[in-house]
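Asker: Below are the chains, spelled out letter by letter.
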Amino acid sequence: MGANSQTRWWAAGRVGYVVIDNPPMNVLSDVNRRGIREALEEFRGEVGAVVLTGAGDRAFCAGADLGEEKHLTEDTVGRFLSRGEQTFRILRDYEAPIVGAINGWAMGGGLVLALWCDVRVGSTRARLGAVGVKVGLMASNVQLSRLFPAGRARDLLLTGRTVEADEAHRIGLLSSVVAPERLMDEATAWAQDIAARPGNLVAAAKRAVNAALEPEPAR
Amino acid sequence: MRRIDVGGVAIVAIDGACVGHDFERALDADIRLADATATFGADGVADVEGCARRLTRLLGEARAKEIVLGGRPFDAAAALRLGVVTRVLPPGELGDAVTVLADTLAALPPLAVRAVREAVRATRDLTPDAGLALEHAHFTRLIASRDHKAAVEAFFERRTAVFTGE
Numbered sequence: 000m001g002a003n004s005q006t007r008w009w010a011a012g013r014v015g016y017v018v019i020d021n022p023p024m025n026v027l028s029d030v031n032r033r034g035i036r037e038a039l040e041e042f043r044g045e046v047g048a049v050v051l052t053g054a055g056d057r058a059f060c061a062g063a064d065l066g067e068e069k070h071l072t073e074d075t076v077g078r079f080l081s082r083g084e085q086t087f088r089i090l091r092d093y094e095a096p097i098v099g100a101i102n103g104w105a106m107g108g109g110l111v112l113a114l115w116c117d118v119r120v121g122s123t124r125a126r127l128g129a130v131g132v133k134v135g136l137m138a139s140n141v142q143l144s145r146l147f148p149a150g151r152a153r154d155l156l157l158t159g160r161t162v163e164a165d166e167a168h169r170i171g172l173l174s175s176v177v178a179p180e181r182l183m184d185e186a187t188a189w190a191q192d193i194a195a196r197p198g199n200l201v202a203a204a205k206r207a208v209n210a211a212l213e214p215e216p217a218r
Numbered sequence: 000m001r002r003i004d005v006g007g008v009a010i011v012a013i014d015g016a017c018v019g020h021d022f023e024r025a026l027d028a029d030i031r032l033a034d035a036t037a038t039f040g041a042d043g044v045a046d047v048e049g050c051a052r053r054l055t056r057l058l059g060e061a062r063a064k065e066i067v068l069g070g071r072p073f074d075a076a077a078a079l080r081l082g083v084v085t086r087v088l089p090p091g092e093l094g095d096a097v098t099v100l101a102d103t104l105a106a107l108p109p110l111a112v113r114a115v116r117e118a119v120r121a122t123r124d125l126t127p128d129a130g131l132a133l134e135h136a137h138f139t140r141l142i143a144s145r146d147h148k149a150a151v152e153a154f155f156e157r158r159t160a161v162f163t164g165e
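So the sequences go chain by chain: A and B.
Numbering that gives the first Met the number 0 puts the first residue of the first sequence at 0, with every later residue one more than the last.
Numbering that gives the first Met the number 0 puts the first residue of the second sequence at 0, with every later residue one more than the last.
Keep in mind that the hints were calculated from the coordinates and are not lab data.
Where chain B lies over chain A, by a calculated footprint (3+ residues, C-beta under 8 Å): (1) 73 to 79; (2) 130 to 141; (3) 151 to 158.
Which chain A residues stay away from chain B? Per the calculated CB distances, all over 10 Å, these: (4) A11; (5) S28; (6) V30; (7) A164; (8) S175; (9) M183; (10) A203; (11) A204.
Glycine included, C-beta positions come from ideal geometry on N, C-alpha and C.
Using the sequences and the hints, build the whole thing.
Answerer: Listed below in structure tokens is the structure:
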């Protein structure tokens with residue numbers, strides 16, 4: 000169990016919980032990224048799955064703070080990107096699967112965070128958008144290109160449009176959709192099912208799926 | 000079938016039969032919309048292998064084989080399920096939907112649209128690490144663009160940004 004000013008985390012049985020708590024839109028920051036990393040480090044070996052969500056019911060995570068981001072220069076942007084990537088890689092390489100509980104907006108860097116989760120469940124308030132293009136940038140290009148066939152990825156990335164919960168479910172961006180008050184129970188059920196299976200087999204399956212996305216050698 | 004280009008992004012609007020050469024042209028576009036009268040079929044395409052490769056990339060292997068090997072014609076609802084199109088409109092509403100989409104694309108910053116389009120194409124052939132490196136290279140270039148700064152300013156001033164492509 001632990002917390003910092005923008006992140007809370009605890010474990011209940013074999014499931015760990017991490018809440019990004021930076022109201023109103025839970026924008027990403029060094030503080031909550033550090034919170035996510037510390038939580039996962041603390042849970043290591045103790046839990047079989049982790050639920051990641053945002054506080055409140057407006058946003059899962061609205062991405063980078065545009066106010067902070069507008070001060071980036073060519074010199075500092077590299078550090079900004081590598082700090083983000085460091086956190087995303089930890090989610091991807093973490094042995095226990097991460098269940099994203101998408102409680103509201105997940106856009107820009109917040110969508111990137113959601114897509115690095117292994118399974119995503121959402122509330123009916125979930126709204127997802129690859130909005131980078133709308134502000135002249137690019138984000139979640141790699142994950143969307145790998146999670147989805149090119150036709151779907153291109154539609155989402157080129158338009159930056161908002162995907163509502165029911166469409167997200169239909170196209171596989173969310174694995175299930177429930178009423179907002181049931182979201183944590185739903186995410187917990189997925190996490191408990193995962194945690195109930197042998198940890199080494201689950202970890203092997205996660206590694207295998209990650210590796211399967213590598214391009215196949217030419218034949 | 001109608002095809003329009005907006006800043007290098009090709010949109011096709013499909014009504015009625017979309018087979019043979021039309022089907023190939025539709026697959027070559029970036030975004031495909033249809034109305035409920037649309038029907039599709041891979042029969043009669045000139046470049047069978049190219050069409051198969053393209054469908055596999057667009058839809059994934061299982062769905063591509065359903066179309067190419069199964070060979071059955073399919074309707075608009077099936078096209079939506081398979082991912083051949085991303086939206087199906089009621090008859091008579093396709094033209095308006097395409098106009099709205101074209102306006103949306105035309106209002107986006109051109110450098111970012113072009114970069115996303117190129118990167119999506121390239122990423123399929125890259126390892127995740129190489130894909131991320133490419134994405135970061137684009138991001139680093141784009142964040143210095145005038146249009147990005149204009150977008151952020153407009154966001155804080157709660158108005159619509161105007162982009163120049165610089």
